[in-house]
Every structure is written in structure tokens, then in C-alpha cells.
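Chains as they are written, first to last, in the numbering used here: chain A, 1 to 186; chain B, 1 to 284.
Hints are supplied without guarantee of correctness; some may be wrong.
[To be verified] Output of the computed footprint for chain B on chain A, the stretches with three or more beta carbons under 8 Å from beta carbons of chain B:
| # | stretch |
| --- | --- |
| 1 | 86-93 |
| 2 | 116-122 |
| 3 | 126-138 |
Hints are computed from structural coordinates only; laboratory data are not their basis. Values in this document were obtained by computation on a predicted structure and should not be read as measured data. Where is the CB? At the ideal position from N, CA and C, for every residue including glycine.
Each chain, letter by letter, is given below.
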Amino acid sequence: MVENWEPRIIAFFCNWCTYTAADLAGVSRLKYEPNTRVIRVMCSGRIDPQFVLAAFAHGADGVLIGGCHPNDCHYLEGNYKALRRARLMRRLLSDMGIEEERFRLEWISAAEGEKLREVVNDMVSKVRALGPLNLPSRFKEWDREVEVLQKEIEANSGGVDTCLTNQKLVSIGVPLAGVAKSQSST
Amino acid sequence: MAVDFKKKDVQAMADRSIAATLINGAIRTSEQEEMALLLRQKSKLIIAYGSCAQSGGVPALANQFAREELLHYVYDEAPSVHNSAGLRPQPELKDGDKTVLLPEFRNVVRSLDQVIDVDYYIPGCAPNPKLLKEALDAILTGKLPPKGAVLAPDKALCDNCPRIDSKPQDLKIGEFKRPHLSTIDPEICLLAQGFLCLGPATRSGCGERCIRGNMPCTGCFGPTSRVHDHGAKILSALTSSVAATEKNEIDRILEGIPDPVGTFYRYGLAKCLLRRKIGLTDSK
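Isolated chain A (complex conformation) (with noise of 0.2 Å):
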């Protein structure tokens, strides 16, 4: 465990709503916990699942999604979508051993700065509570059990150029799964 570990959270906000209420909370001089990452994207509806589990993934511990309140939304239905994808993935997430309070959809409207800053507080004290998620850590350690295998294969070969030895077993330290390239890199 590190020491002084402080939560890491990624945070969409959607441009319209939730980044300028993020604005207005800047202007304003409102003081709130500095652990959100924020991603600037044009519509919660564009947040695509994986974008959350890529997140998990590169070593996030909580996600946050920021829109527009229902009827509210700049393109009309892209806060519905949001929603719906949110109701599922935090169940998906949850069976996928993620607890429910690391991932996050709020509506905030641009005048809601104030509530940004109640948002931002509370999740991070959550996250806070609940530790590290540290998944680049956790695969590292998953895969040490392949690394033994083929540090004895490499050690038995003893001087013979094998492509074996020419190349490491695949590091799975940041996963783009479906991505060959990006996975056989050395």
C-alpha cells in the first residue's frame, strides 16, 4: 500500500452542464477535494462503458459522470443514454467485485456549483474509505504466476537463440484487449 495514498477519480463532465458548473465553482473560489481528473466531453451520452472500465483499468479508483438534469439535455436524449448504460454497468461493475460508490453518474446543471462541490466531497471521502482500486498493481500481481514458467524456459535454454528469449512474455500491465499490436509489445 502506498503511503499517503490519495483517491484518483476520472471525471466526464459533459461540456454544457456539469464542466461549467466545474467553471462556476472555480470563479466562485469554492474550495473542494483536488482529486478529480476532468474530462471535458460534449454530452454524458457520449460516454461510451468502456471509457469507465478503461479508466478502472489504467489505475482510476472512481469514476464520475456529470450531466445535464432529464429535459435538460443540449442534444435532447443523450442524458437518457447515459442513465440507462449507468444503471447497468453499475451492476455489472458491482459482479465484477467494483463497489457500487466508485462509480458515479450525477446530473449537475451549470448553475450548480455549489452542488459539484458537495458531489466531489462526498465521493472522494467514499472512495477514500474504500481504498485503493490500483488495478495495474492487481493484474501485475495476477501474472506473476506466468512469469515463473517462462523464467525457467528462458534459463534452461541456455545461450541458444530461441524467439523465445528474444521476447518477453506479453505485459499486461495496461490492457487494450482486442488490440494485438498494443498487446505483444515487449
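Given the structure of chain A, go ahead and fit chain B onto it with the hints provided.
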């Protein structure tokens, strides 16, 4: 011509002397790893053959459970098992001066490319013979795509589906029906009828055999090249079409998908960006 190689015959071959090796199956034991490593050493091309090699296949669903849970069920709990002595397979057994070894049973199920460098993939559970023939032709004539390619069309199944004309432009799903509890119309788009068909996010090339057999696609060909996480993509495609805008109503409709992991990652949990359920207790 039938051939029967022993491991020592393969070990005796020169490195990279085999033109192409097609390997099927997911990797879970140390023996499977060893064979994969050996074949990689001796082959110019490695082709991951089938869903298991490509993405873990159905065996990868075991990544939802700890190794000990699985062994406990199989050797202690299963209905037809009587094992009062609590016996378990052991990796090593010494009998006098003789030692018998069993492969290690890993904590994690892996796809082939999570263990060795893979050149090409032939998807499917099971792959289509036509695809296999085309792949062999490509190897023999040297007309292969860039390394890492999946040797199947790079389009979604919907594009080739015989029912495409009845797929609505604006899909609105009011209910997810279980195939065995409803009558399936053989002419109309399965999604339009409310059945969980993974066609929109699944690669084509299978000949749509399931659809033609009046059953929805279960996603065995995996994703197209533009998708990183197959299960997440199909989740996205299907849930965004749910015909409700209010949280409780959405949840009610989504109850028609009781097992999202099993449904969306049936053939590819090893390739989920999360790879495996978090928090399982691993054992040696």
C-alpha cells in the same frame, strides 16, 4: 494423412521451422502455457483459433470465481460427488522413488495472446470452416493482412443479417425476453422482438448460423477491430435503446438481463478491460 507428434518431436524441430500453428483453447494450466511457449518458439506464425484462444472463451467465465471456490465445488460440493476423504489432485505425488506430476492450475484464465505473441486470430465458437479455408489460403499464398489482424470480415453481424430489413432505425426495447419463454418470429429482427441479440456489436463472418436457426446471436465472434471491450460495447448498444427515461422504469426493464457478465462476456471475459473479478482470494 494423419500425424501424431509427441512433445519431444516438436522440441527437436528447429526454431521457427513450422510455417503456421493454429492453437485453440484458453490457457489455464502450466502445461498449456508450456505448450504455447514451445509452439511459439518453433513456429513462424501462431494463429489463435477459436473464441477460447482469442479471448478466453466460455472457460474464461471462471474468472468470476476464485480457484479454491471452483475446486471446492468440483471435488466437494457437486451433487454427484462423494469425496468424504476430501481428496484433491496434487501437483506432485511421490511413490517410493517415483514422482508423478500434474500441471499447475492457475488462478486466472488467459487468452492465448496473454501468454505468447500471437500473429492472427480466427474467431468463433466454433470458427466457420470457410474462414479456416480462407486463412490457410492466405498463409499459403502469402497474402496475409498486417500482423494482429482477425481473419474475418471487419463488419458487425447486423450488416449481413437476413433480417436486417426489419431492424428498426430507432430501436426501443420495452422488455428483454428470454428465448426459451417466448415464441420467436423467424422473420423479424430479434432485437426488435425484444430478444437479447448481440449482433450489433459482434463481428460477422459466421454465416449468421444462429439467426438462421431462429436464435439470437450470443457474440462468439468477438468484437470488430474498432472495439476494445466487447462486453462493454454491447452493453452500451443495448441499454441505450431501453424505452424508458426514468430510473426505476429503466431498472425494471434491465431486470430482463439477470447476469450482465455472463451475457455480455460469454466468450471473452479474459479480454474484458477488467480481465477478472476483483477481490478474489488467490491461492498457490
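Now the hints, each set against the structure:
With a cut-off of 8 Å between beta carbons, the stretch 86-93 of chain A has 5 residues touching chain B; three or more are needed, and the interface restraint holds. Closer than 8 Å: that is the beta-carbon criterion, and the stretch 116-122 of chain A has 0 residues meeting it against chain B, so the requirement of 3 is violated. Requiring three or more residues with a Cβ within less than 8 Å of a Cβ of chain B, the coverage given for the stretch 126-138 of chain A holds, as 3 such residues are present.
Consistency with the previously given hints fails for number 2 only.
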